[in-house]
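Protein chains in written order, with my numbering: chain A, 124 to 600; chain B, 124 to 600.
Just so you know, the hints here were simulated from the structure itself, not pulled from any lab data. Be aware that a few hints might be false.
Identical chains share a label here; the pair holds if one copy fits it or two copies do between them.
What the hints assert, rightly or not - Below are the DSSO-like pairs computed for lysine-lysine, each with C-alpha atoms no more than 30 Å apart in a straight line:
no., residue 1, residue 2
1, 221, 200
2, 343, 537
3, 364, 127
4, 457, 371
There are 2 protein chains.
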Amino acid sequence: MAEKLTRQSEDFSRWYNEVVQRADLAEHAPVRGSMIIKPYGYSLWERMQAFLDGMFKETGHVNAYFPLLIPESFLRKEAEHVEGFAPEVAVVTHAGGKQLEEPYVLRPTSETIIWDTFRNWIQSYRDLPLLINQWANVIRWEMRPRLFLRTTEFLWQEGHTAHATPEEAHEETIRMLDVYARFAEEEMAIPVIKGLKTDSEKFAGAVRTFCIEAMMGDRKALQSGTSHDLGQNFAKAFDVKYLSAEGKEEYVWATSWGVSTRLVGALVMAHGDDQGLVLPPRLAPIQVVVVPIYRGDEERAAVLEVCDQLGKDLAAASVRFHVDDRDQFRPGWKFNEWELKGVPVRIELGPRDLAVGEARVALRHNGEKQQEKLEGLAGRLPALLDATQKGLFDKALAFREEHTHTVDSYDEFKERLESEGGFYRCHWDGSAETEEKVKNDVKATIRCLPLDEEDEPGKCMVSGEPSERRVIFAKAY
Amino acid sequence: MAEKLTRQSEDFSRWYNEVVQRADLAEHAPVRGSMIIKPYGYSLWERMQAFLDGMFKETGHVNAYFPLLIPESFLRKEAEHVEGFAPEVAVVTHAGGKQLEEPYVLRPTSETIIWDTFRNWIQSYRDLPLLINQWANVIRWEMRPRLFLRTTEFLWQEGHTAHATPEEAHEETIRMLDVYARFAEEEMAIPVIKGLKTDSEKFAGAVRTFCIEAMMGDRKALQSGTSHDLGQNFAKAFDVKYLSAEGKEEYVWATSWGVSTRLVGALVMAHGDDQGLVLPPRLAPIQVVVVPIYRGDEERAAVLEVCDQLGKDLAAASVRFHVDDRDQFRPGWKFNEWELKGVPVRIELGPRDLAVGEARVALRHNGEKQQEKLEGLAGRLPALLDATQKGLFDKALAFREEHTHTVDSYDEFKERLESEGGFYRCHWDGSAETEEKVKNDVKATIRCLPLDEEDEPGKCMVSGEPSERRVIFAKAY
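Here chain A stands alone, though its shape is the one from the complex:
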């Protein structure tokens, strides 16, 4: 804690790496591109999992588990899929002391092995919809790894569903996109834009890919979750048919959707500041840290007794708290540490506070500090945490709005993107060529065609060709 964090404005990327490591979220592993998720970081993921898993079950999904190892030939059955994933796979060629007859790839995603299985699970319309989710690790060989954002191995969930009609599959795609958006906004306090990916950005094997896009603290976009309408691509590749109520044999319709440990990175970059992490109360492993202040044994005993009682009251109020009674560190050092770790609320308790029956309460997300009556304090904390959660979301939303620009001139777009970053609502002619040109010119991509963007006829800022509505351009992770 001795050395200060790099400031965000100085080097955001370096700030990110420092925060992730100093706040004990994760560290680099002695395995290329892999990370070790430390207990503090893992507990964030655990809480995310619990919320998401509950939402998946509420929407009728059940969990299952499919093999990590996939026969190499499976990957080749869907043409776009293999093209997209083949360059990233890791291959097992030897096992049990022998060379394998057919190599296995480590799953980069599980469509192939799951659709091979669905062929046996689906016979009639009564077997549909089939709504499966899997919590698993996946491996994609990363050339430019970054902790949480792009790692060779990451943890995720992947939903895989089968439906009788394209309408039902589409509904499911949107239902799960909504689940992701609600999770991001309500639990992570991160506002997101729901939208459709352009063809060049869609999942390898999908008909359409929907996504949620969030703005990070450096005004770049982070794709935070995707939901794919797979059409009949995988059903045809793996010959999965069902007998309809009318007795006709039909290929089934598919979706898949996933979010990963990348969300931990989103949390860091969306809310963090120059002091470190800023965690939303609903996900924070520790919501309230109590720091006793004292000199000498007598004061120590008096203060710790009150801290103990406060701890009991916080536990009774279902607040996740920690009393930092370590003797070897001074209060100021502890303040810094818990700020670095993003704990939403800090309560300081010293002899002068005790004398007047008060405590000092500091909020992490806006730096506000005030004296509070000790009496009933624990009972007021849940409401304070709710207000903090909301405050954090509002702050992130205001930030995104401040840095979202409606621009019609390509020159203005290029200039502002370079100088101030942010999201740009612009007209686009719908062509891959224009998309590619922008990418080459300024490294910005079309993040999505927002679902709630209103019709507004206009002209493409690059080509001048007609456009029906605006799309979002931004630099992205």
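Keeping the supplied structure of chain A fixed, place chain B upon it in accordance with the hints.
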């Protein structure tokens, strides 16, 4: 459901494979030795995870995540460890389209990568104890795979802890053994024997391995969990030292402990019968199934209305229930299916029951059926489920006791083991030679030196050499 299950007495192993697959727990994957865990089987594992994770946290452990891929050189750092695991590992030689400079093995267990990490996490006595758990998949190339019992890939948890003294490490080893025993007995309703493994059966790299052993329905033993005292073996191999309070640099002391999806196999084999699974209420995904009985639409409507109300009452009583209102199957067919799936309680509701305000309640574990007043039925279910849980445990305990024999003659041991199976409490001289001889003679192993076995001087049944107390011999999975 058309074909009857193979009877246990006819071919237990075939019965097991049929039950696991027909009850929708798991199926073979198109990947050698791997399985697909189906939703019904996975929900058992999920419930096990939830209970165990809670117990780990109550005992002060936190979760973290370490890489699947381990540099091959790590495995070689602990001599016994590599000897034990090298023959079973799968090796990644290519990734991202290139041959790797150093191959990676897929973790067969994570001591090496974790102790390589602990070197950086541990500096002083203040960093100890370090109490880490990981939920993960592991890969061990299996020559004779069996669903859940031995699969190339399996899911498990592995605890890895570091301590300042050998006494603390030993305490931890026993604490987690106790957690496993309590989980097996309280949640799985399976009585277990806690004991010490002989040197020939201990974990590769451990000083001592403790285990819990359970008796299956064919009277064979299944090792259901292990807890290892690793001494300083891994600390020395990975150079993990700490500075004591007295300022001395010392190697730390280690433990590791794990249970896996093998426990699902234990559940099947410990309680199952000729009709299929028998699940303990505390783990059953569905605790109560309600089967409506009717002919024609009028009866159907009347019966389903009562079923609906019963469902609401069961939900209010926190009972996990399912109303099987499928039209395409007859009640008898449904009874068989839910018996196969091991649902603890079945409630049958037909017009004649309704007329007298009653329902028929059938218990899976002992086949008892009786008429029950509908009024207040849902409210009485939790107590009935508790009684069922206890009844199942008592039944398993009585079965184990009936098939545990105290024998002093090697001829009697051999003869009875072959003819009736079971556990044998016998004297053993403590030598690996005797152990090996018994294994070669009758394929039985020393399951453990039970911790609660009393001192009883005697003579080894094989060599006649002195023995201090009895050990457990049995055939095992």
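Do the hints match the structure? See the list:
| no. | hint | result |
| --- | --- | --- |
| 1 | 221 x 200 | both (27 Å within a copy, 22 Å between copies) |
| 2 | 343 x 537 | within (15 Å within a copy, 73 Å between copies) |
| 3 | 364 x 127 | between (60 Å within a copy, 28 Å between copies) |
| 4 | 457 x 371 | between (69 Å within a copy, 27 Å between copies) |
Checked against the numbered hints above, the structure breaks none of them.
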